[in-house]
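Undergrad: The listed protein sequences correspond, in order, to chains W and E.
Using our numbering, you'd call the opening residue of the first sequence number 2 and step up by one each time.
Using our numbering, you'd call the opening residue of the second sequence number 2 and step up by one each time.
There could be a bad hint or two in this list.
Identical copies carry no separate label here, and so any pair may be met within one copy or between two of them.
As the list claims (entries may be wrong) - The calculated lysine to aspartate or glutamate pairs, modelled on EDC-like cross-linking and capped at a C-alpha distance of 16 Å, are: (1) 291 - 68; (2) 145 - 40; (3) 94 - 266; (4) 145 - 290; (5) 60 - 40; (6) 145 - 204; (7) 60 - 133; (8) 60 - 290; (9) 200 - 230.
Keep in mind that the hints were calculated from the coordinates and are not lab data.
From a predicted model like this one, the values you see are computed outputs, not experimental measurements.
2 protein chains.
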Amino acid sequence: PCNAACFPRVRRVAIFGGTHGNEMSGITLVNMWMKNGAEVQRNGVLTKPFITNPGAVEKCTRYIDTDLNRAFTPENLSTPSGDGLPYEVQRAKEINQLFGPKGSPDAYDVIFDLHNTTSNMGSTLILESSTDHFNLQMVHYIKKATAPESCAVLLNEHPQLRYATTRSVSKHPVGLEVGPQPQGVLRSNIFESMRMIVKHALDFIELFNSGVEFPTCTVEAFRVHERVDYPRDTNGNITAMVHPRLQDCDWEPLNPGDPMFQTFDGWSIPYAGDGPVYPAFINEAAYYEKQQAFVATRRETLAAAAIRLASE
Amino acid sequence: PCNAACFPRVRRVAIFGGTHGNEMSGITLVNMWMKNGAEVQRNGVLTKPFITNPGAVEKCTRYIDTDLNRAFTPENLSTPSGDGLPYEVQRAKEINQLFGPKGSPDAYDVIFDLHNTTSNMGSTLILESSTDHFNLQMVHYIKKATAPESCAVLLNEHPQLRYATTRSVSKHPVGLEVGPQPQGVLRSNIFESMRMIVKHALDFIELFNSGVEFPTCTVEAFRVHERVDYPRDTNGNITAMVHPRLQDCDWEPLNPGDPMFQTFDGWSIPYAGDGPVYPAFINEAAYYEKQQAFVATRRETLAAAAIRLASE
Ligand SMILES: [Zn+2]
Ligand SMILES: [Zn+2]
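So that you can see chain W by itself, here it is in the shape it has in the complex:
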């Protein structure tokens, strides 16, 4: 009987790179660990570094046919394989077979999916559930371990805005987003930040497996609230830029009346919401096509239950 929430031993962990083929830190780390995995091995755990979208990596482009990190829908995963499928849909089905099936007991325990952003977000852990206490404890551990360097937690649990991620085939999906880094560029500082967070995450798993109990705690998180698009004309062309006072200010409060966009004529467009939001993914290159200038989040304190290893 557990006083804490009990979770089974973590036996299989995957580290995904190249879900977007032009995000170079994760691609480089995963390729490095595939050659020599000593750094990511932990007692009793199978750690599998894996390039998820090799076609896009080869071309150094985000995707070939469609965004792999939106492709893990029930429809895609249940559709019969065949030559006519978009590359990433076919790939999603293969990844689901290798690391899932999604939602099943056979799925990998944990998947870390490594991403870069052009936004000035620093290191960010992305969770999909506010009630996955294993993941809440893990991000709490990582945040403490990286301090005083900050590591934000982004919670994408929004009923309409959440999406079917590559890592969602696992029981405990964790996205890691580190920036700013341009697409197609490898920066040593971003590379090292990402590498260190993966190290802390694996250390947590090893501690958990060893029987350490993690007491209740709280986690400061930013919950996805809404997407904000650029101002556009009737042809869909943008008519304003992110305002210089908002640019690079990810995670800082944006209050009603604060400048948000600047038109090409030099006019400011203020934020007109009804309270402070905390923007993230400000001016992310990949989100122009998704009609998103930034994502507005709200701060929230998440409660993590105590956890420990279930008796075996």
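Mind docking chain E with the ligands on chain W? Use the hints.
TA: Leaving out everything else, chain E with the ligands in the frame of chain W:
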């Protein structure tokens, strides 16, 4: 008879954007000026804003088949048109017809070609000749007008390393490179810097046309000296990153023994040249495929002759 070097009146100026389809400042400015050109009109001058690679702009990619900014070779420009040509070669032939022919008296007087870089180069004017006194006077004027903000002059006159640029169809080709800005991203600060430099350039042309004589002067420039590639393994994969002490330090001296690269194991690789160089295009995204981590330049003081309008 001229005491100064005499040049004919500048009658036709083109402003090119989208030579690389993911460099958003020039694309946005040119699209804006095509809708409303008041800002770039000057007395007695035809100013033509023009998107050079619309196919690549549409896809937000550097190019479709081949780099347009390397395509203006005599071979390409003299090859017969036809359906089998790479998109950018066909496009180069069309641009040469519209704004050249390259090397002919019918060519446009001045072409400004607007580029962005992911490197921390600030604003940079790129010249192809150290003896084009019109251009030397123009960049001298622009440097003074933008001060105290710096505007570097990069001289690519190297017999092997120079390349056949889009702007080279004009009599006085000027490249403008502003960064840092990720590919596919429009930053307001970079947009405004580029806009201001084009304004100063057109003001210079108007002054010149009005009969103002520009006295002899000198221009501090950085001459392209050599390309430096990333360390790579036998498969061509990079094995080290730009060192954090070199990253973002464009135009600062790199001395023999200074750290240049950092291997994934954390080892430093020092610069082993025989004197200081001034790196530019450090960690530029588009240059990974060109096997170039940065371009090493040497400082040089160029002498500009006095110039004025030839009597008509
Ligand atoms: Zn990504
Ligand atoms: Zn360019």
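Undergrad: Compare the structure with each hint and give your call.
TA: How the hints compare with the structure:
no.	hint	verdict
1	291 - 68	within (11 Å within a copy, 27 Å between copies)
2	145 - 40	neither (21 Å within a copy, 53 Å between copies)
3	94 - 266	neither (48 Å within a copy, 35 Å between copies)
4	145 - 290	neither (36 Å within a copy, 39 Å between copies)
5	60 - 40	neither (28 Å within a copy, 39 Å between copies)
6	145 - 204	within (13 Å within a copy, 56 Å between copies)
7	60 - 133	neither (36 Å within a copy, 39 Å between copies)
8	60 - 290	between (19 Å within a copy, 10 Å between copies)
9	200 - 230	neither (36 Å within a copy, 30 Å between copies)
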